[in-house]
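Asker: Here our numbering is used: the first residue of the sequence shown is 21, the next is one more, and so on.
These are computed hints drawn from the structure, not numbers from a lab.
Treat the hints with caution; some may be incorrect.
[Unchecked claim] Label pairs and their calculated CB-CB ranges:
#1 Gln109 with Gly134: 29 to 39 Å
#2 Asp95 with Lys62: 16 to 26 Å
#3 Gly134 with Pro110: 26 to 36 Å
#4 Phe119 with Lys91: 11 to 21 Å
#5 Gly117 with Pro143: 15 to 25 Å
Quick caveat, the model's predicted, so the values are computed rather than measured.
Positions of the beta carbon are idealized from the N, C-alpha and C atoms, including for glycine.
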Amino acid sequence: MKLPVLESLCWWTVRTTSLIKSNGITGNQRTAFIYLATMSNKSYQVIHASMSDEMQRDALQCVLMAEYMYKNYNDIAKYIAKEFDRKHQPNWHCIVGSFGSHNPTNCEVCFYDGNKYILLFKP
21 MKLPVLESLC
31 WWTVRTTSLI
41 KSNGITGNQR
51 TAFIYLATMS
61 NKSYQVIHAS
71 MSDEMQRDAL
81 QCVLMAEYMY
91 KNYNDIAKYI
101 AKEFDRKHQP
111 NWHCIVGSFG
121 SHNPTNCEVC
131 FYDGNKYILL
141 FKP
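Make the full structure from the sequences, and use the hints.
Answerer: Here it is, written out as structure tokens:
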């Protein structure tokens with residue numbers, strides 16, 4: 021299943037305005053998020069998912085914000101794991117990189133954007 025980021029993020033922007041405000045994102049960051057929502061032309065393929073559609077959308081939102089704020093795969097992974105710990109209870113792990121992978125049994129979601137994989141899981 022391919023998720024067109026443009027359509028998905030436009031929906032999130034409208035739907036999560038109160039979430040963005042309540043999570044303490046400043047006006048500039050909120051503007052940056054809306055800019056991402058309207059200008060991004062990336063798409064992500066869901067390789068594997070065993071979480072709800074809502075959590076998948078939340079994961080993709082975290083991925084896009086992390087990619088906007090950071091360029092280093094390590095920093096992107098840390099941000100995603102930290103956000104999921106905060107929103108969905110602790111002990112989330114994230115791996116970002118160019119590698120081959122089978123679907124690990126504990127993997128909750130795996131995205132692929134054509135260049136890199138993003139695995140999000142709990143041990």
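Asker: Which hint numbers doesn't this structure obey?
Answerer: none
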